[in-house]
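**Q** This is what each chain is made of:
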Amino acid sequence: MHKEICIETKQNQEIIDITSQIEKLINITEGTCLVYVPHATAAIMINESYDPNIMIDIIDSLNTLIPQGQWKHDAVDDNGAAHIKAGIIGPSEQIPIINGKLMLGQWQGLMLCDFDGPRKRKIIVVIK
Amino acid sequence: MHKEICIETKQNQEIIDITSQIEKLINITEGTCLVYVPHATAAIMINESYDPNIMIDIIDSLNTLIPQGQWKHDAVDDNGAAHIKAGIIGPSEQIPIINGKLMLGQWQGLMLCDFDGPRKRKIIVVIK
Amino acid sequence: MHKEICIETKQNQEIIDITSQIEKLINITEGTCLVYVPHATAAIMINESYDPNIMIDIIDSLNTLIPQGQWKHDAVDDNGAAHIKAGIIGPSEQIPIINGKLMLGQWQGLMLCDFDGPRKRKIIVVIK
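Protein chains in written order, with our numbering: chain Y, -8 to 119; chain L, -8 to 119; chain C, -8 to 119.
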């Protein structure tokens, strides 16, 4: 079974906790949940969401590793760095479902990473 | 159901769009497609394939982050950087299938990354 | 079907080959194996395990890219770098199963990466 949700990001680079929206969709007792973003400048990451500074640290570290403004693709639409970051982090995560619950660890949350916002981002969820 | 395809890379570092070859294999209406490369110096990445400069930007950025020629494993077969890149990008991607189609976004394509070519690379595809 | 294993790491940063422990769990002839670590400062990576220097090279390269001690989250529990590394590498890998065997390549092994050890780490395995 698949479902879709839509997230509207507000900033150029933003990491948003989507855990509660995904948890609501779980309707089987045992299996897996694939969370997939069909965009080439966004990504799905699992990390701690309790301290919001972790999201800032991740954005800062990726900006240091992949600086803006020095890529060949920038000649097209000036978002080369966003594509490289999305390629490294990747567009999906898959989480076990046991006893009807997503098996995220105590300190794990599901995050949408937008590296080229603000935009409306679609997320496809496959539960099976 | 699983299938295999073989890709022959031509350069030492090369990112090749394999989207059309994977799309041809889809033979179910709803599920997932796992694309897996069983090699420790190659990887599967999802990114934009329309502008070929993105592949060059990705290779350039990874070469800057993981420079050649300074790794302990180079003493064995001189490809330490290729192993590190393959470990960071990862050997697989999984894409939802809905209505018989791979749910890649408009700007997403499936890429084989060879970090230690040229070689013949096998790709295993599991559709279910 | 899901199973769990527990790994006790011994060092602050350590990459441990868990291939043989995962292979023992495979009890179907065709499908996939999801290996998932429910911790926000650990990750699962696939790489060569024959030369142990590759694990050292990976730890060294990540330490260079994501230095310790300069992150906002360090004010909480001094492990900001571990969270960033875990987010980049990711908490899971999925491997095809064909003829009752994990389809790891000749030079691929499954690795648990602990970026904030020593700790007891749980690994959830979903085979289906």
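The reader is advised that the hints may include incorrect statements.
Partner residues aside, some chain L positions facing chain Y, computed with beta carbon under 7 Å [said to hold, decoys possible]:
#, residue
1, N38
2, D48
3, I50
Label-pair ranges, simulated between beta-carbon atoms [unchecked claim]:
#, chain 1, residue 1, chain 2, residue 2, range
4, L, N18, Y, K92, 29 to 35 Å
5, L, I19, Y, N54, 36 to 42 Å
6, C, K119, Y, D65, 39 to 45 Å
7, C, D68, L, N90, 32 to 38 Å
8, Y, Q61, L, I19, 39 to 45 Å
9, C, N18, L, I(-4), 40 to 46 Å
10, Y, K(-6), C, Q2, 38 to 44 Å
11, L, N90, Y, E(-1), 41 to 47 Å
12, L, I(-4), Y, D69, 31 to 37 Å
13, Y, R110, L, N54, 25 to 31 Å
14, Y, N54, L, Y41, 21 to 27 Å
15, L, M(-8), Y, Y41, 28 to 34 Å
16, L, K92, Y, P109, 37 to 43 Å
Bear in mind the hints are in silico, worked out from the structure with no lab data behind them.
Since we're looking at a predicted model, the values are computed, not measured.
Glycine included, C-beta positions come from ideal geometry on N, C-alpha and C.
**Q** With reference to the structure, classify each hint as holding or not holding.
**A** Hint-by-hint comparison with the structure:
1. The beta carbon of L/N38 comes within 4 Å of a beta carbon in chain Y, closer than 7 Å, and the hint placing it at the interface holds.
2. This hint holds: L/D48 has a C-beta 4 Å from the nearest C-beta of chain Y, less than the 7 Å allowed.
3. The restraint placing L/I50 at the interface with chain Y is violated, with a minimum CB-CB distance near 10 Å, outside the 7 Å limit.
4. Under the hint 29 to 35 Å, the C-beta atoms of L/N18 and Y/K92, about 33 Å apart, fit the expected range.
5. The given range of 36 to 42 Å is respected by L/I19 and Y/N54, whose C-beta atoms sit roughly 41 Å from each other.
6. At roughly 43 Å, the beta-carbon separation of C/K119 and Y/D65 lies within the given 39 to 45 Å, and the hint holds.
7. Remark: the range hint 32 to 38 Å for C/D68 to L/N90 is contradicted by a beta-carbon distance near 46 Å.
8. Range check, Y/Q61 to L/I19: about 43 Å between beta-carbon atoms, so the 39 to 45 Å window is met.
9. Judged by the Cβ atoms, the range 40 to 46 Å given for C/N18 and L/I(-4) is violated: they are separated by roughly 28 Å.
10. The supplied range of 38 to 44 Å is met by Y/K(-6) and C/Q2, whose beta-carbon atoms lie about 42 Å from each other.
11. About 26 Å separates the C-beta atoms of L/N90 and Y/E(-1), a value inconsistent with the hinted range of 41 to 47 Å.
12. Against the hinted window of 31 to 37 Å, the Cβ-Cβ separation of L/I(-4) and Y/D69 comes to about 35 Å, which satisfies the hint.
13. One distance hint, 25 to 31 Å for the beta-carbon pair Y/R110 and L/N54, holds here, with the actual separation near 30 Å.
14. Look at Y/N54 against L/Y41: about 25 Å separates their beta carbons, and that is inside 21 to 27 Å.
15. Restraint check, L/M(-8) to Y/Y41: a C-beta distance of roughly 41 Å breaks the suggested window 28 to 34 Å.
16. Checking the proposed 37 to 43 Å range against L/K92 and Y/P109 shows it is violated: the Cβ atoms sit about 28 Å from each other.
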